[in-house]
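With the hints as constraints, model all of the structure from the sequences given.
Residue numbers (the working numbering): 1 to 175.
It is possible that some hints are incorrect.
In the DSS-like style, the derived pairs of lysine-lysine whose C-alpha atoms are separated by at most 25 Å in a straight line are [to be verified]:
| hint | residue 1 | residue 2 |
| --- | --- | --- |
| 1 | Lys102 | Lys79 |
| 2 | Lys87 | Lys102 |
| 3 | Lys116 | Lys79 |
No lab work stands behind these hints, which were simulated from the structure alone.
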Amino acid sequence: MPPTKAQTAGHPSDPKEAEVIDFDLIELFFFAYRDFTSDADHMLDRIGFGRAHHRILHFVNRRPGLTVAELLDVLQITKQSLARVLKQLIDTEHIMQVQGPKDRRQRELHPTAKGKALALQLAAPQSRRIARALATLGGNDRPLIERFLKEMVNQEHRNQVEVLGAGGASKEKNA
1 MPPTKAQTAG
11 HPSDPKEAEV
21 IDFDLIELFF
31 FAYRDFTSDA
41 DHMLDRIGFG
51 RAHHRILHFV
61 NRRPGLTVAE
71 LLDVLQITKQ
81 SLARVLKQLI
91 DTEHIMQVQG
101 PKDRRQRELH
111 PTAKGKALAL
121 QLAAPQSRRI
131 ARALATLGGN
141 DRPLIERFLK
151 EMVNQEHRNQ
161 VEVLGAGGAS
171 KEKNA
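In structure tokens, the structure reads:
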């Protein structure tokens, strides 16, 4: 695809660099992410939560029993970053924390009924947005899109995608 104005905007010091930067797709990702998160952001804002709450609740809801250590690894954040937000989710009874059955030092996270309801409420508009976009494509395009998105994940983290059941590994729709 030949470079467009958007692809060469910014005039990097090396002209060869400008040819390989795909500003069009980069900007599409920014806009798609902005709109993908906007509906959930509005709902979260009304209850005093933010994207960090959403991310934690999403993964705990998708994988009940996820340990704190596993969640830290998935989110690639520090314990300190997780602690405040997780405490709020526990205090507001969206998530419950229990001792691991095999190792009492481990803390497993489970969504409460209230947490599961919120996770589904937040996911619904995102799911509708994805469904609308997929409906505009051919029926055979989903596997290609899944493969593309998996390739966007750093290679050392792709195993997490499979373990967590993302990208076609799990066909469960409402868990």
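Each hint tested on the structure:
{"no.": "1", "hint": "Lys102 x Lys79", "in the structure": "holds, 22 Å"}
{"no.": "2", "hint": "Lys87 x Lys102", "in the structure": "holds, 23 Å"}
{"no.": "3", "hint": "Lys116 x Lys79", "in the structure": "holds, 23 Å"}
Going through the hint list in order, the structure satisfies each hint without exception.
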